[in-house]
Amino acid sequence: MSIISYMEAARQALAEEMRRDKLVWAVGEDLGRGGVFGQYRGLVEEFGPERISDAPISEAAILGASVGAAMMGTRPVVEMRFSDFALCAVDELVNQAAKARFMFGGQTRVPLVVREPIGMWRSSAAQHSQSLESWYAHIPGLVVACPSTPADNKGMLKAAIRCDDPVVYMEHKNLWPLEGEVPEGDHVVPFGVARTVRPGKDITIVSWSAQVHVCARAADVLAGQGIEAELIDLRTLWPWDQQAVLESAARTGRLLVAHEAVQVGGFGAEIAAFVAERLGIKVRRLGAPRAPIGYAPPVEDAVRISETMTVAAVRDMLGK
Amino acid sequence: MAQAADGRKGRKARLVNEPAGLDRDTLLRAYRDMLLIRRFEEKAGQLYGMGLIGGFCHLYIGQEAVVVGLQLALKQGDEVITSYRDHGHMLATGMEARGVMAELTGRSGGYSRGKGGSMHMFSREKNFFGGHGIVGAQVSLGTGLAFSNAYRGNDNVSVTYFGDGASNQGQVFESFNLAALLKLPVIFVIENNKYGMGTSVERATASHDLSQNGAPWGIASLQVDGMDVDAVKHAADIATAHCRAGKGPFLLEMKTYRYRGHSMSDPGRYRSREEIQKMRSERDCIEAARHKLAAFDVDEAEIKRIDDEVKAIVQDAADFAQTSPEPDPSELWTDILKEG
Chain X
278 MSIISYMEAA RQALAEEMRR DKLVWAVGED LGRGGVFGQY RGLVEEFGPE RISDAPISEA
338 AILGASVGAA MMGTRPVVEM RFSDFALCAV DELVNQAAKA RFMFGGQTRV PLVVREPIGM
398 WRSSAAQHSQ SLESWYAHIP GLVVACPSTP ADNKGMLKAA IRCDDPVVYM EHKNLWPLEG
458 EVPEGDHVVP FGVARTVRPG KDITIVSWSA QVHVCARAAD VLAGQGIEAE LIDLRTLWPW
518 DQQAVLESAA RTGRLLVAHE AVQVGGFGAE IAAFVAERLG IKVRRLGAPR APIGYAPPVE
578 DAVRISETMT VAAVRDMLGK
Chain A
61 MAQAADGRKG RKARLVNEPA GLDRDTLLRA YRDMLLIRRF EEKAGQLYGM GLIGGFCHLY
121 IGQEAVVVGL QLALKQGDEV ITSYRDHGHM LATGMEARGV MAELTGRSGG YSRGKGGSMH
181 MFSREKNFFG GHGIVGAQVS LGTGLAFSNA YRGNDNVSVT YFGDGASNQG QVFESFNLAA
241 LLKLPVIFVI ENNKYGMGTS VERATASHDL SQNGAPWGIA SLQVDGMDVD AVKHAADIAT
301 AHCRAGKGPF LLEMKTYRYR GHSMSDPGRY RSREEIQKMR SERDCIEAAR HKLAAFDVDE
361 AEIKRIDDEV KAIVQDAADF AQTSPEPDPS ELWTDILKEG
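Those sequence lines, one after another, are chains X and A. Those letters in the first sequence? Residues 278 to 597, per the working numbering, in order. Those letters in the second sequence? Residues 61 to 400, per the working numbering, in order.
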């Protein structure tokens, strides 16, 4: 174990995978100078510009070309910088990458990782702050991963690179400096296996990405009030760990799903409906209002799902 | 007079560095407008350093001659649209320094009442159509502004700015085709400041003559010394005349340079200090204008009067931007299609 940041964990994962497999390469804008956030620091020095490839600002061409390169058996890791920018390449991802395997009867696979940093970060305003994970969870053929810890950002990026299907890999910008223990060496976190952050008997809270940390703080507060919340970090939205969530929700009898993304049409709705259909228990969602993200802190904060709101929702569900 | 290239005839665009022959008063106005942008941006950089501005802040310092020279050729009714490096464009269109600065600090007195920030402002009054954060996205929008002008049968021109980095986006080329096909009155202005974020044009673009990017569609073009406000005005006159005459789009490649980083968080390790210093000392647009003014017998007192006026405007804007109240959280529910 070593203590490293969420950003460094992913950097190590990519470096290790590139050493392990010569067919793994990365492409995106400004990767040669370390990436806009520093996620690729030092990689061009080790692997050269052919494998850490700088690209012009041409998201559609970067992603489309990577789909082609993936069909030929190489394993591109595509950097989109912001999930907002990746919308310039949605056709390539949704109509091409996601469909190819099925549509061509298994004649081809698209082993592609698309890194799309999400979330509110340093007052980035409406076009640089979105959390769009539910869009991709809606698309058959795509894997959707939203790591919340440094250890997971290493283990899940490795799993994404080894996956033979396209993975939308959504790191949260606010988590880049977060430090935590990360296993050294070949640490791989399989997709579709949730992580129980803390056990509890009174209610199940499901979350992912940066919101997990808000929920964990809320659970601490609740514990001080005599309420034991079980917190589950879903890790991947597709595939998602239905068994773990069902098992927990059946045991606690209540389910709250919390996410930073807009609540309307969010993935919380899918989880809540899925559990309600099977268990008939009390479910609730907690997501952002259906509004763009404002620049000024008071307006930005108005879409944030806080610890206090999470505590209040849980207490309300428990009739307290 | 420089001749505009016509891609269909395969003529090369030529570099325009000949003066429009700005008269004394016009040059004084250009000097004042460029200086206002320069001082405004320096102040914005200071406020950012003090933590009063959050998020992204892309300064225009170095490129002032482009937007000021272009603006001199425009008339009432022409539209302007650009990317996130937009403060200079807004000031050039006559938007109030107060409202722009207060938007940077996220206050209710800002043009978007604090909801948009540095990258996202708009003014119907001044025909400024934003402030857009996705690289290249404003180019198709600007084409649409021109479509509306043609549709309404007026002689307004859409001035659509974008950078050398954006010039590689697919929708830029799609817009070129559409504009040429429909003969839309749009001036595509590529502000080639040599770097798309940290990547030089040479490393990002196979064609090193961006003025030829519209050639396959026969888009007339000029390559312009964007550090010389006189040359910019001259080229802009040619471009606006072309568009107003119903001859379709025009492309201007402005050879310019930004002195500061891509944004405030850019340490700029991709270029040397010497390179920046050389441009500052040898090609600065404001210094050049000051020299030309001397030839018009504009005395030091006149220059100082302008300097003081600009300084006062910027200080007033900075004061306003710090005293205007923050927006109420309820602003989340204004200007929005609200559910239930």
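Among these hints, one or two may not hold up.
Claimed, not checked - Calculated lysine-lysine pairs in the BS3-like style (CA-CA distance at most 30 Å, straight line): (1) K352/A x K450/X; (2) K254/A x K398/A; (3) K103/A x K450/X.
Claimed, not checked - To give a feel for the contact side, a few chain X residues facing chain A, derived at Cβ under 10 Å: (4) A338; (5) P467; (6) G469.
No lab work stands behind these hints, which were simulated from the structure alone. Here the structure is a predicted model, which means the values were calculated and not measured. By construction, the Cβ of each residue, glycine as well, lies at the ideal position given by its N, Cα and C atoms.
So, going through the hints one by one against the coordinates:
This hinted pair does not check out: K352/A and K450/X have alpha carbons roughly 49 Å apart, beyond 30 Å. For the hint linking K254/A to K398/A, the alpha-carbon distance of about 43 Å lies beyond 30 Å, and the restraint is violated. With a C-alpha separation of about 28 Å, the suggested pair K103/A and K450/X falls inside the 30 Å cut-off, and the hint holds. For A338/X, the suggested interface contact is upheld, since its CB lies about 7 Å from the closest CB of chain A, less than 10 Å.
Hint status for P467/X relative to chain A: violated, with the closest Cβ pair at about 35 Å, above 10 Å. Of the supplied interface hints, the one on G469/X is violated, with its beta-carbon coming no nearer than about 33 Å to a beta-carbon of chain A, more than 10 Å.
Consistency with the previously given hints fails for numbers 1, 2, 5, 6, ordered from lowest to highest.
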